[in-house]
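With the sequences and hints as input, model every part of the structure.
Residue 750 in the UniProt record's numbering is what sits at position 750 of the sequence shown, and the numbering runs on without skipping anything.
Any given hint could be a false lead.
Said to hold, decoys possible - Straight-line alpha carbon distances no greater than 30 Å define the calculated DSSO-like cross-link-like pairs of lysine-lysine that follow:
{"id": "1", "residue 1": "203", "residue 2": "65"}
{"id": "2", "residue 1": "186", "residue 2": "203"}
{"id": "3", "residue 1": "203", "residue 2": "254"}
{"id": "4", "residue 1": "164", "residue 2": "210"}
{"id": "5", "residue 1": "626", "residue 2": "785"}
Don't read these hints as lab results, they were simulated from the structure.
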Amino acid sequence: MQLVQKKASLKIPVICLIRRVNEFTATLSQHDNPSSANSCIDQSTSSEFSEALNCVFHWYRAAAKCYVHLSDVSTGDQDVDTSQHHESAWGTAFRTSRWFTRSWTLPELLAPCSLEFFSREGKRLGDKKSFERQISEITHIPTSVLCGAPLGDFGVEECISWMKHREATREEDRAYALLGIFGVHKPIIYGEGEYNAFVRLRKEIARKAKDSARDRSLGARDALLYTPLDHSEFRILVLHPGFQNDDISVDLEKDNLSSPRPFQALSYVWGPEPALHPIFATGNKQISIKPNLFQALQRIRRPRSTLRLWIDSICIDQSNTSERNLQVQRMGEIFRKAQDVWIWLGEEYSNSDTAMDLVSAISFSRFSWKKTQWNIHGMLAFNDLLGRPWFQRGWVVQEAAFSTNSIVVCGDRQINWRDLTISIRLVQMRLEFESSHDGSTELVSRLRRLLGNFQDSPATRLLEVVDSVFKKRDDGSLVKTMRLERLVELGTSLDTTDPRDSIYALLNLANDTSPKIPQTTPGIIVPDYDKGMLEVFADFVLHCCRTSASLDIICRPWAPSETYLSRQNYQSGGRYKSRIPSLSWIKSRDQLPFGNPSQNATYRLHGTSLVENSQIQKYRAHNGTKPIIDITRFSDGIDEYPSLRARGIVVGEVDQCSMRMASAIIPSSCIDIIGEHSEKLNTTVRPPPETLMRILCAGRFNPKSLDTLNTPELHGLWFSKQFPTSIREFSDLDIEELLEENQSPAVKDYLEIVRDTVWNRRTFRGRRVGRPADPLIGLVPRDTKVGDTLCILYGCSVPVVLRNVGGLGKEDSHWHLIGEAYVHGLMHGEAISSLSPTVLKAAELDFDIR
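Shown next as structure tokens:
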């Protein structure tokens, strides 16, 4: 990211400065607003402008280097001698520069770790460190502040005094420019005047100090609540009676999980808000809880009797990692033994009562469907209810699986979970029925739109996962039917506050991992919150390889999305850092066909993975070999991260890459690359029909069905009209456009597979190891480049594209996984089976993939 001045007279020198670095940089201006305001902020949008001004200090603090262009300091043709600046003409101009008198340059001075000054001509004058004494004299700011001392060590009035002699075109900016220095956030209201702006600033500073003191106090009191648990014990929160607006009074008591007294469990969304609401325990102790939990306790509390509840955030000492590890393993048993599970969806919205009434009506056996009902807002209210955040929680699959009786609560209304699930299924069936019949155009089109939204709702996706994950016996006990790897695949639409819980939340449901399986079993995963996020993800990959004897997991998107992780900013051991490294062998959900499912995108972004399902392997490029892998570690100079060492062989190198087939539009160059050169015609001719058809669908179409398509219809459609003999005569082919035409069912099925396969991929031509006259052709990921290596890793059912980083044979040489590939003629073990054991052994390499 680069912040650039807009004034034409300053553009050239500033651009010269920026070219000197390739990191996140910023150039600072002499104007009232930060330099980015003229070019990077939409000033016509008040919300964006307000948010940007609140973030100015953060932006400059995050920059690797920041630059000050002093247009009123000229060095002329003289060489710059920093040691003599106090005697030079430019040294005098530096001391009197207008830059030191403007309001917004105060955060620009204090925030950056590295700040360099340049003259009008673009010559470097020095940096903040070399000028610290002079800057302190000019600005009356202590040198310790300029050296990076924490701003919190200085009093409020002292910090405000640094603004005393600074000017602003808008008087309120003298207060607004201090927001980041104090770490507060407030709306920008130009026109309120400087006095009112400072009044609001001081109130916000005081409120922040009060909240910090309360957090420290409540945190200290929380520590007094917990005493160690025995191996079979768990805690229960006793919620004392009261009315909605009364203080919440509770007790914490221990119980034995093997034979507990009657209790109920609460299922809810933690939420991102801070824990600021106090509830009161015996002995004048306080527990600080988050707003959503506070509202839930207010709603489910009984007026005249106690309620014994299990609540994860309170009944588990979250600061005790050993206890947390053990209790998380037992959550399935806790929910199974709870008499009831309260599912808290949140407070009511304007239409949530309508939705709850509709659920009650639909689940009633005598409910009558009338077309007029599709015209009211009840269905939209129902759809809104099913979009609530609770339905996207990663933990709810386990809670729904083990619970014997669940009660859904929204505001002051309650319904049975069974009634809700019945209603969802009945509405889905009815929508499909109504939309498949002819009727008024407006009604049918509305139902089809509603059906699409309904099928994509978090609740509908959750039910599909729950239905797929488990079966219950007549006695209510759970039959575990799936491995952990498959559960994680199905759970990609679910989010967790802690990214590690994308794995841990599903452990109790898997048939290959359970608290009853000895922890010494190779590859077994148990909750361990002492491990960092990437270490847990690496454990999962290792577990998948050992339990499934397949390495396909490194090609399949499953991990919490990169955008989500950036938002959470979560890193190992509970530490938070400014960056989260990306490992190429841990594929993010952002790379799923429609991106991260929680974003509800309706437009395809990527092609379907060649290894989309861990239960079915369509290919056998590994020729039956098993993964030979190990998890090692590498350092970036700051921290250590896991690295995957996998054994395999190199089969070739990418010589040519087509342009990507964006939106399933196949340009002529894509066919050109996989075509054959004709000496007779002196041009590239089309590949054989069967070869081309198999490549474009990655060999996914049933071979018998493919044979039937080699005639008259598809052959005439493509090879007579679209694919002339010479590739030069070929025009771009739009698969989506072909699908809109009247095609037979067989052709339509084939074209849909082609669309889903080629979307955003590239065709390639490569040089095969040991057989240069036998070129490799097929499909590769969008990020593939000429020179990338085509490999077959043992245990991986498809070839992969790897890129060497650091140089072969060098000390820091390693590989990045670019993605999976379809290599025509090598998808069923041909590359390995064609080599003798001796030659194969000699060809083996251990790839260090990061």
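Satisfaction of hint between residue 203 and residue 186, Cα-Cα up to 30 Å: 10 Å, holds
30 Å Cα cutoff - pair residue 626, residue 785: Holds, at roughly 29 Å.
Proposed proximity, residue 210 with residue 164 (alpha carbon, max 30 Å): 26 Å, holds
Residue 203 paired with residue 65 [C-alpha distance capped at 30 Å]: 33 Å, violated
Pair hint residue 203 and residue 254, alpha-carbon separation not exceeding 30 Å: This hinted pair is violated, its Cα atoms lying about 43 Å apart.
When the structure is compared with the earlier hints, violations turn up for hints 1, 3 and for no others.
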